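With the sequences and hints as input, model every part of the structure.
Residue numbers (this note's numbering): 351 to 485.
These aren't lab readings, by the way, just hints derived from the structure by calculation. There's no promise every hint is true.
[As the list claims (entries may be wrong)] So the derived label-pair ranges between C-beta atoms look like this: (1) Asn436 / Glu360: 14 to 22 Å; (2) Ala448 / Pro362: 31 to 39 Å; (3) Met437 / Ile463: 18 to 26 Å; (4) Met437 / Gly473: 18 to 26 Å; (5) Asp394 / Ser455: 34 to 42 Å; (6) Ile352 / Asp439: 12 to 20 Å; (7) Asp434 / Phe355: 15 to 23 Å; (8) Pro354 / Phe411: 42 to 50 Å; (9) Phe479 / Arg412: 43 to 51 Å; (10) Phe481 / Val421: 17 to 25 Å; (11) Asn359 / Gly472: 29 to 37 Å.
All values derive from a computational prediction rather than experimental measurement. Just so it is clear, CB atoms sit at the ideal spot from N, CA and C, and this is done for glycine as well.
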Amino acid sequence: SISPFGKSNEVPFYDRFYLGGPDNLRGFDYREVGPRDDDLTADDEAVGGNSYSLISFEYGFRIAEPLGLVVFYDWGFVNESDFDFNMSDYADNWGVGARIMLMGSPLKLDLGIPITSPEGTGGGTQFNFSFGTRF
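Structure representation (structure tokens):
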């Protein structure tokens, strides 16, 4: 959770939490999952929230050096208020991916398929590409 600091009453949009993209909810576009405010954005874009939760499961197996395959499931939500962990507007997805080890770091190619899509999200299959680890 994140809270406003100093004299501000709101957390700036660039410091708020969003989900979606190659490092969390892989079945959704980058920063697609989060609270929306029709008054602030004309195209129903997520404006971010002050609290979130994320759970990811990934099972991988090596095919041949340096290639591996994974199956994954991601679940999470973003809420507007601080310390609001109401799970009613969650998003989840499953998918498959490939991992290629290059110079000790994984090149990740993932295909995420949404299961539950919050209102305002695209809800289509998402391809993600990234290099390196998440933590």
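Hint by hint, where does the structure go against what was stated? Just the numbers, ascending.
Violated hint (a single one): 9; every other hint is consistent with the structure.
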